[in-house]
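Taking the hints into account, I'd like the entire structure generated from these sequences.
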Amino acid sequence: MDHIRNFSIIAHIDHGKSTLADRLIQYTGVVDARNFQDQILDNMDIERERGITIKSQAITLPYRAEDGGIYMLNLIDTPGHVDFSYEVSRALASCEGVLLLIDAAQGVQAQTIANLYLAMDHNLEIIPVINKIDLPAADVERVLEQIDAELGLDPDTHLACSAKAGTGIEEIFEAIVERIPPPKGNPDSPLAALIFDAHYDSYRGTIINCRVMDGRIQAGDMIRFMSNGAVYKVEEVGRFALARQKQNSLSAGEVGYVIAGVKTVSDVRIGDTITSDAKPCGEPLPGFREVKPVVFSSIYPIASDDYEDLAVSLEKYKLNDASFIYQKDSSVALGQGFRCGFLGLLHLDIVQERLEREFNLSIILSVPSVRFRFTMRDGSLVQIDNPSQYPNPMQIAKAEEPFIRATMLLPERYLGAVMKLCTEKRGVNSVLNFTSPTRAELTYEMPLSEVIFDFYDRFKTVTQGYGSFDYDLIDYRESNLALLDILVNGERVDALSQIVHRDRARARALQSCERLKEEIPRHMFKIAIQGAIGGEVIARTTISPFRKDVTAKCYGGDITRKRKLLEKQKKGKKRMKMVGSVTIPQSAFLAVLKTDQE
Amino acid sequence: MSQDNQNRPWGLYIHVPFCASKCRYCAFYSLPSPSSDLVEKFVSALACEMELYRDCGPFDTVYLGGGTPSVLDTEQIYLILNSVRRNFRIEPGAEITVEANPADISPQYAAELLRSGINRLNLGVQSFDSEVLKFLGRRHSPGDALASIKCVRAAGFRNIGLDLIYSIPRQSTDQWLRILEQAVLIRPEHLSCYELTLEPGTPLAEEFRDGQFRTDDETFSVLETTSAALAENGYVHYEVSNFSLPGMESRHNSKYWDHTPYLGLGPSAHSFRGRRRWWNLSSVEEYTAALQSGKSPVEAGEDLKDEQMGEEFLFLGLRTARGVSLSELQHYGLDLVNTKTAILDACINSGLLRIDNDRISPTVKGMAVADALAKAFLA
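Taken in sequence, the protein lines are chains A and B. Under my numbering, the letters of the first sequence match residues 68 to 665, in that order. Under my numbering, the letters of the second sequence match residues 14 to 392, in that order.
Note that these hints are calculated values from the structure, not bench results. From a predicted model like this one, the values you see are computed outputs, not experimental measurements. Take these hints with a grain of salt, some might be off.
[Stated by the list, open to error] Quick list of in silico lysine to aspartate or glutamate cross-link-like pairs, EDC-like style, CA-CA up to 16 Å:
(1) A:K635 <-> B:E320
(2) A:K492 <-> A:E512
(3) A:K330 <-> A:D268
(4) A:K487 <-> A:E467
(5) A:K620 <-> B:E208
(6) A:K385 <-> A:D268
(7) A:K359 <-> A:D81
(8) A:K629 <-> B:E212
(9) B:K388 <-> A:E634
(10) A:K631 <-> B:D316
(11) A:K637 <-> B:E320
(12) A:K631 <-> B:E219
(13) A:K593 <-> B:D358
(14) A:K638 <-> B:E320
(15) A:K631 <-> B:E315
(16) A:K487 <-> A:D542
(17) A:K629 <-> B:E315
(18) A:K359 <-> A:D542
(19) A:K620 <-> B:D176
(20) B:K35 <-> B:E315
(21) A:K629 <-> B:E320
(22) B:K378 <-> A:D616
(23) A:K527 <-> A:E479
(24) B:K163 <-> B:E202
(25) A:K346 <-> A:D255
(26) B:K388 <-> A:D616
(27) A:K620 <-> B:E212
(28) A:K492 <-> A:D521
(29) B:K318 <-> A:D255
(30) A:K330 <-> A:E303
(31) A:K631 <-> B:D319
[Claimed, not checked] Here are some of the chain B residues that sit facing chain A, going by a computed Cβ distance under 10 Å:
(32) H28
(33) C206
(34) R332
[As the list claims (entries may be wrong)] Covered stretches of chain A (in silico footprint by chain B; criterion: 3 or more residues with CB under 8 Å from a CB of chain B, positions within the stretch not fixed):
(35) 604–615
(36) 619–629
Here a beta-carbon is modelled for each residue, glycine too, at the ideal position from N, C-alpha and C.
Written out as structure tokens, the structure is:
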């Protein structure tokens, strides 16, 4: 156990986490140059293209240290976005230390701090690493000041590197060995292993990623998940090189995988404790919670014939994404579909893209919503995340909506603009701290529904990209809510309905109408777009018709040409949905959540 | 049912692939200034081709188009029409049309055409504005146009058609309406008004490669203005680009739009019968060579499925004031009333379509967006 180190790299987005991981992997030679590709741990296309990590990964790196010993360094790669902060916390609970990576040019950002707090919560050894020191804009002195003033860490403990150029890598390895403590735990105690992620493998079922805290696990063991008591027989355990590497057993302190005939990743709870069925440990490991979706949207196939395909694809997709939930739903405008829950808008975006890309589906998502809570006059409590199930307003005694605490870090010169934005988004109870004379940490309590409505984009705009943002759900608060319907040529499009704060209803209605006007192409007839509450129209725009669309000549040979063109255009309509007489593009449904104002 | 149309008299189209010079907007297959040897070869090849189709017909329209059929001398036209009569049954009272360039018309030529049996002349006037004619690369002047019309009337033609072109860059709608006024004063039985379009590969398309061609707002339709101006003068707007005095519609062209069979002869000509469309090699040389060696000049063909028949029937019908029969569409599996109710209602309420028992027909506004109508119903 003395020769094991479990660590993670934490960083703000784009501070070079994946590049550093690549360099560490290359240095230890676990993958030869021929098989190497950038962002090697991000093995989904979508991760590579967007430069983000969605799933946690682990890899065991053998390292011969200067002291002559050979160490097993377990690098646990974690997702970087707020949507996945619970997964990050479970990955960190599997470590004894972290490399806190900071971009030498950008300095400390909101997620640097959020990640630091997470690491401190888990009592981890923190090694600050300043990356990209070879950039012309690198300002190491300033970053050192920030490490001292904003992170409260000793700047003398920092390391400097350029992951891209491969400099400073050996020093990082030595620091991991010297400064991160070896894992504690007793191999002879009853088994307690922390699940920090799970992947689906079409041949082996669910591959559970875990850190063994106490005890030992090997093939043939009967294990139990402590959250639900499910019992499985272990088929195989092992470590992660780049591929799985079968081992006889995993003991306290080790990080690896367990295959135990678990059908889907949804049967596994991240943060759950694996123990021995025969000789269970006394208490589950701390920190487990059920992951609850916060953003909801319905998915419909563009062609209603594709409903069965969609159903099958969601089932397959769900095999590998436990935080995604769905159930049957139907829309008057869009037909049969599924109501789905997501961890956040990024998660929603990723699910949409993966369904389209990996399952070749053309889908439409309804306007995303948060989960509202209504106390009815008869005393019953209903939770509504689907505007189409909005209760009868006459029966509502109390309406509540979820609030978050937003934490923002920004250069002081953008404070005015950000505070204005937060007030507009119904933010309250602001707290302002200056972490340095020019940098402010601002917190606000805000309705989650306002945050999913274009907040992040506008925050980025008003801070010109220098601001960073993170949030936590705090509680439900009473609110004056109303159901905003959108009518297209007189027909209510239920997938565009939104639950909104009454004071903001008119502005929101107008914005939605305007956005739809931009997204819906001209038709040959006039299209009226209206926003209405109850029967009352509160906003309206119209799309004027085009007056010309005809080929001048159509004789002998033109007919075949014309028919072929029509057939081609018919195929090109895949990303449009007919609602009544109007063709609405897929993009329109999510566009109503965005504004174009500065 | 369209089966009835299949039993109607056929149309015969003969493509004359020669021109004295190429116009700058034209993408049709034709050879400028052909050698007299080639023209003669073509005329004899045509006669050979007719023999391949003796089972076709009877015909009640014959149409010599092109190209420019009036580059043929009257003797050659006689030869062609004699072969037609020898090979096919031509119904009494058949409409026999020839297209002509105004520059080719002399009193003698017009008289000879009439004598050969041709009873309808379609003149490629295109404009009465000399600047526009130059811009289009036409070889005739406005004076030629007026003179040719006088000639053919004097020769005794009772059915003449004029072709005009609008949407000329830098031409205002008012200027176009003045050209229309002039046309109307002549009282031709038939008027075709074509919007100028850029066809890939033409000199005009080259010139406007940068996309600066369209200047009018898509929310304004010159076609509607044109239709209104002509209606005031008694012209019926019976197809997107075609107008006539009552009863003087082009019987030949109408066959293209309702699935009546037609036989196309000559290079690049298209034919239709039953569910089959086929077309000839487009090069004159290849066409004549094939026929000289006893082979068919057909390049390719296709057999339409029910769905494709329905699609054609719909988009062609929506180009005509007569419209299309809903029950016939149903016959091809297109049930607009029950599956496209919302669009149908929206189009009727917006004044794009009229519905009358079994037929839907486009209004003038609807004809201006006929392609969009078809797309909406086929999507």
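Against the structure, the hints:
no., hint, verdict
1, A:K635 <-> B:E320, "14 Å, holds"
2, A:K492 <-> A:E512, "10 Å, holds"
3, A:K330 <-> A:D268, "10 Å, holds"
4, A:K487 <-> A:E467, "24 Å, violated"
5, A:K620 <-> B:E208, "9 Å, holds"
6, A:K385 <-> A:D268, "12 Å, holds"
7, A:K359 <-> A:D81, "27 Å, violated"
8, A:K629 <-> B:E212, "14 Å, holds"
9, B:K388 <-> A:E634, "9 Å, holds"
10, A:K631 <-> B:D316, "13 Å, holds"
11, A:K637 <-> B:E320, "13 Å, holds"
12, A:K631 <-> B:E219, "25 Å, violated"
13, A:K593 <-> B:D358, "13 Å, holds"
14, A:K638 <-> B:E320, "15 Å, holds"
15, A:K631 <-> B:E315, "12 Å, holds"
16, A:K487 <-> A:D542, "23 Å, violated"
17, A:K629 <-> B:E315, "14 Å, holds"
18, A:K359 <-> A:D542, "14 Å, holds"
19, A:K620 <-> B:D176, "12 Å, holds"
20, B:K35 <-> B:E315, "31 Å, violated"
21, A:K629 <-> B:E320, "15 Å, holds"
22, B:K378 <-> A:D616, "10 Å, holds"
23, A:K527 <-> A:E479, "15 Å, holds"
24, B:K163 <-> B:E202, "14 Å, holds"
25, A:K346 <-> A:D255, "11 Å, holds"
26, B:K388 <-> A:D616, "10 Å, holds"
27, A:K620 <-> B:E212, "12 Å, holds"
28, A:K492 <-> A:D521, "10 Å, holds"
29, B:K318 <-> A:D255, "76 Å, violated"
30, A:K330 <-> A:E303, "15 Å, holds"
31, A:K631 <-> B:D319, "15 Å, holds"
32, H28, "9 Å, holds"
33, C206, "9 Å, holds"
34, R332, "6 Å, holds"
35, 604–615, "holds (count 5)"
36, 619–629, "holds (count 9)"
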